[in-house]
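> First to last, the sequence lines map onto chains A and B. Quick note on full-length UniProt numbering: the first sequence kicks off at 1 and runs consecutively. Quick note on full-length UniProt numbering: the second sequence kicks off at 1 and runs consecutively.
In case anyone wonders, no lab produced these hints; they're calculated from the structure. Think of the CB as a built atom: it goes at the ideal place given N, C-alpha and C, for glycine as much as any other residue. Just to be clear, a hint being listed does not mean it is correct.
[Stated by the list, open to error] The following label-pair restraints were derived from C-beta to C-beta distances:
#  : chain 1 : residue 1 : chain 2 : residue 2 : range
1  : A       : Asp292    : B       : Tyr93     : 30 to 40 Å
2  : B       : Leu36     : A       : Glu272    : 22 to 32 Å
3  : A       : Glu225    : B       : Asp321    : 54 to 64 Å
4  : B       : Tyr296    : A       : Asp131    : 47 to 57 Å
5  : B       : His141    : A       : Leu91     : 21 to 31 Å
6  : B       : Phe268    : A       : Asp371    : 22 to 32 Å
7  : A       : Ala368    : B       : Phe268    : 19 to 29 Å
8  : B       : Pro299    : A       : Ala368    : 26 to 36 Å
9  : B       : His297    : A       : Val160    : 25 to 35 Å
10 : B       : Tyr93     : A       : Glu272    : 27 to 37 Å
11 : A       : Glu337    : B       : Phe268    : 51 to 61 Å
12 : B       : Gly126    : A       : Val233    : 44 to 54 Å
13 : A       : Lys47     : B       : Leu36     : 44 to 54 Å
14 : A       : Glu225    : B       : Ala189    : 56 to 66 Å
[As the list claims (entries may be wrong)] Heads up, simulated SDA-like pairs for lysine to any residue below, C-alpha to C-alpha not over 20 Å straight-line:
#  : chain 1 : residue 1 : chain 2 : residue 2
15 : B       : Lys112    : A       : Asp178
16 : B       : Lys102    : A       : Glu360
17 : A       : Lys47     : A       : Glu266
18 : B       : Lys102    : A       : Asn143
19 : B       : Lys102    : A       : Asn150
20 : A       : Lys177    : B       : Asp49
21 : B       : Lys110    : A       : Gly137
22 : B       : Lys196    : A       : Asp365
23 : B       : Lys102    : A       : Pro149
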Amino acid sequence: MTVESTAARKPRRSAGTKRTSAKKSPGQDAELIQLLTPQGKRVKHAKSAEYAAYVADITPDELRGLYRDMVLTRRFDAEATSLQRQGELGLWASLLGQEAAQIGSGRATREDDYVFPTYREHGVAWCRGVDPTNLLGMFRGVNNGGWDPNGNNFHLYTIVIGSQALHATGYAMGVAKDGADSAVIAYFGDGASSQGDVAEAFTFSAVYNAPVVFFCQNNQWAISEPTEKQTRVPLYQRAQGYGFPGVRVDGNDVLACLAVTKWALERARRGEGPTLVEAYTYRMGAHTTSDDPTRYRHDDERLAWEAKDPIQRLRTYLESETDTNESFFAELEAESEALGRRVREVVRAMPDPDHFAIFENVYADGHALVDEERAQFAAYQASFAEEGEGK
Amino acid sequence: MAAEKMALAKAINESLRTALEADPKVLVMGEDVGKLGGVFRVTDGLQKDFGEGRVIDTPLAESGIVGTAIGLALRGYRPVVEIQFDGFVFPAYDQIVTQLAKMHARALGKIKLPVVIRIPYGGGIGAVEHHSESPEALFAHVAGLKVVSPSNASDAYWMMQQAIHSDDPVIFFEPKRRYWDKAEVDPEAIPAPLHKAHVVRAGSDLTLAAYGPMVKVCQDVAAAAQEEGRSLEVLDLRSLSPIDFDTVQASVERTGRLVVVHEAPVFFGSGAEIAARITERCFYHLEAPVLRVGGYHAPYPPARLEDEYLPGLDRVLDAVDRALAY
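Modelling step: build the complete structure from the supplied sequences, incorporating the hints.
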């Protein structure tokens with residue numbers, strides 16, 4: 001098996017054009033908003049002051065809360081991966097490595113805000129109060145969604161890439177019509193940035209000044225294709241062409257993600273329109289449990305990102321700069337194991353749906369053909385019972 | 001609005017006006033639906049009376065129009081979306097098929113998607129390509145969507161009212177070549193259910209089933225056949241998802257023969273589904289195979305050829321002759 005070198009993945013320079021410098025690493029990126037370094041140090045830069053103001057008063061308790069969210073989310077995610085390996089789930093899309101981007105942005109939302117996720121936003125779901133076991137129904141194959149989107153203002157997972165950016169925009173147009181000061185946040189990834197629906201969402205949101213935040217987790221990989229196969233400019237810069245601001249934030253820095261997302265959501269609430277936030281992060285695991293990253297990327301890349309781990313850097317900070325004691329970490333470890341246990345038990349006990357669920361909720365107002373086919377199906381199933389009785 | 005004779009396009013306009021007046025959640029959106037009133041003037045004057053916030057000129061992006069309409073519906077609005085022409089709907093096809101049609105089921109019934117998508121469709125107006133197509137089967141094939149098409153002004157008014165009240169997404173195919181045909185519209189009348197077929201002419205020798213623009217053609221065929229002493233029954237199906245097969249079955253049990261007529265290509269068209277179902281339901285009543293008259297398996301031809309492509313009086317009469325010859 002041949003693994004392409006990093007150099008070979010870079011787009012070929014076409015004759016007569018100057019190659020745009022797409023920054024590869026957050027550390028090299030002058031535009032990157034970072035408040036907590038990979039070494040666990042709070043940093044202050046003039047360029048990030050506007051955002052830092054949103055977390056200036058953050059308390060140690062709140063920081064521990066963010067840490068707890070990330071640890072539990074990672075634990076839940078690891079449990080789901082194990083459950084897939086054990087045959088309890090058909091598939092799992094791991095968020096490993098993206099905890100800070102999801103918890104930071106998710107905790108920035110208000111209860112009345114509305115979230116439109118992709119299928120990997122388990123950390124955001126956690127922040128919204130969605131029971132994590134509800135997320136597993138579709139991966140187990142017992143439903144195609146499974147939660148009430150209006151229960152936590154957290155829409156269903158959207159599998160087709162980028163479609164939800166338009167739903168979020170339309171929803172935000174409705175929020176504006178209602179005169180509410182809620183905001184809407186649409187999640188998508190670097191791959192989705194190539195989709196027409198995302199471009200159309202940018203256009204519509206800009207034209208109608210919709211209160212929506214586009215939160216792009218650039219995790220560097222769209223299954224096997226690196227971001228260089230999606231864009232020749234840093235993704236956040238695309239916003240400029242649509243007439244709204246774009247910001248690149250260190251996606252492994254939960255503080256920066258919280259601050260920048262709060263800033264963007266506040267802009268939306270104030271009627272200042274959409275914002276694009278590019279959370280620069282890394283998909284530490286495979287695309288899904290069906291994927292094999294060894295076919296297309298080097299392990300050294302993953303190792304380099306491991307040094308920027310979102311959870312470790314906050315732990316370092318908590319341990320060195322706050323009064324967090326060892327019992328906090330020990331208790332969290334126990335809570336984490338309890339969560340894993342509960343997820344395991346709930347999934348294993350999750351019943352298969354009733355056969356007639358096929359015909360349920362196809363239409364809200366009913367449909368003659370569905371009724372007819374349900375009756376045929378019932379008669380067909382009943383015919384086996386009658387045969388049995390005849391014997 | 002008092003009962004009056006009006007063109008089909010005007011009837012839809014009145015129906016939209018009634019809905020906009022009755023429910024502040026109803027929105028009209030699409031390309032050029034505002035000041036221009038739509039390229040067929042179906043939304044004429046609505047933006048002037050209801051404002052830019054409710055009659056919304058959108059960017060020129062069909063997927064965006066339907067995708068944002070979904071979001072507005074999730075927020076509690078009832079968007080009525082215009083796709084300017086039949087051939088322009090495909091950029092929105094993914095949002096319609098993958099998102100709009102399935103979302104209610106995916107949410108286990110917890111959310112509703114009351115979105116109406118208006119599509120002027122069909123040929124016969126001498127248009128350039130992509131302006132004369134009949135893609136209704138591509139939507140009727142999709143569970144979660146309802147598909148209807150009025151053939152006259154009165155049905156256009158009432159079916160639009162019912163489509164807007166529906167909690168399911170409705171694809172509303174408007175027969176553009178009949179936009180200017182007038183009929184009496186009585187806003188005080190009690191309308192038939194949205195998905196009920198109508199017997200528009202009673203007969204005993206053969207049933208012609210059609211919808212949208214072909215209903216008038218079939219009525220003309222029945223009148224011509226009458227002169228030759230043949231009694232044809234004409235059904236206006238009105239709805240393609242669901243199809244009122246009970247009404248078709250009752251008719252075919254009386255006549256023993258069925259010809260289905262539509263502009264869309266015959267191959268995998270709605271006529272194929274009707275033929276299969278009616279053969280199942282009426283096997284012992286049929287005196288002849290169910291025949292179909294429709295477009296050919298070829299791209300919609302240039303306008304100078306469309307009279308040869310579209311089912312007209314003679315082609316339908318030819319099918320009637322063939323069915324009666326069994």
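> It remains to establish, for every hint, whether it holds in the given structure.
Here is what the structure says about each hint:
1. Judged by the Cβ atoms, the range 30 to 40 Å given for aspartate 292 of chain A and tyrosine 93 of chain B holds: they are separated by roughly 33 Å.
2. For leucine 36 of chain B paired with glutamate 272 of chain A, a C-beta distance near 31 Å keeps the hint of 22 to 32 Å intact.
3. For the hinted restraint 54 to 64 Å between glutamate 225 of chain A and aspartate 321 of chain B, the CB-CB distance of approximately 60 Å keeps it satisfied.
4. Range check, tyrosine 296 of chain B to aspartate 131 of chain A: Cβ separation about 55 Å, and the 47 to 57 Å hint holds.
5. Checking the proposed 21 to 31 Å range against histidine 141 of chain B and leucine 91 of chain A shows it holds: the Cβ atoms sit about 27 Å from each other.
6. Phenylalanine 268 of chain B and aspartate 371 of chain A have their C-beta atoms about 24 Å apart, which keeps the hinted 22 to 32 Å range intact.
7. Separation of alanine 368 of chain A from phenylalanine 268 of chain B is about 21 Å and conforms to the stated range, judged on CB atoms against 19 to 29 Å.
8. Checked against the hint of 26 to 36 Å, the pair proline 299 of chain B and alanine 368 of chain A passes, with Cβ atoms roughly 33 Å apart.
9. Checked against the hint of 25 to 35 Å, the C-beta distance between histidine 297 of chain B and valine 160 of chain A comes to roughly 30 Å, which is consistent with it.
10. Against the hinted window of 27 to 37 Å, the Cβ-Cβ separation of tyrosine 93 of chain B and glutamate 272 of chain A comes to about 34 Å, which satisfies the hint.
11. Checked against the hint of 51 to 61 Å, the pair glutamate 337 of chain A and phenylalanine 268 of chain B passes, with Cβ atoms roughly 56 Å apart.
12. The given range of 44 to 54 Å is respected by glycine 126 of chain B and valine 233 of chain A, whose C-beta atoms sit roughly 46 Å from each other.
13. The hinted range of 44 to 54 Å is satisfied by lysine 47 of chain A and leucine 36 of chain B, whose Cβ atoms lie roughly 46 Å apart.
14. For the pair glutamate 225 of chain A and alanine 189 of chain B, the supplied restraint of 56 to 66 Å holds, since their beta-carbon distance comes to about 59 Å.
15. A hinted pair counts as satisfied when its Cα atoms are at most 20 Å apart, and lysine 112 of chain B with aspartate 178 of chain A qualifies at roughly 19 Å.
16. Only pairs whose Cα atoms come within 20 Å are accepted, and lysine 102 of chain B paired with glutamate 360 of chain A is accepted, the gap being roughly 12 Å.
17. For the hint pairing lysine 47 of chain A with glutamate 266 of chain A, the CA-to-CA distance comes to about 18 Å; that is within 20 Å, so the pair holds.
18. Restraint check: the Cα-Cα separation between lysine 102 of chain B and asparagine 143 of chain A comes to about 12 Å, which is no more than 20 Å; the hinted pair holds.
19. For the given pair, lysine 102 of chain B sits about 17 Å from asparagine 150 of chain A by alpha-carbon distance, which is consistent with the 20 Å threshold.
20. For the given pair, lysine 177 of chain A sits about 17 Å from aspartate 49 of chain B by alpha-carbon distance, which is consistent with the 20 Å threshold.
21. Between the alpha carbons of lysine 110 of chain B and glycine 137 of chain A the distance comes to roughly 16 Å, so the proposed pair stays at or under 20 Å and holds.
22. Taking the CA atoms of lysine 196 of chain B and aspartate 365 of chain A, the gap is about 15 Å. The hint holds against a cut of 20 Å.
23. Restraint check: the Cα-Cα separation between lysine 102 of chain B and proline 149 of chain A comes to about 14 Å, which is no more than 20 Å; the hinted pair holds.
Every hint, counting from the list given before, is met by this structure.
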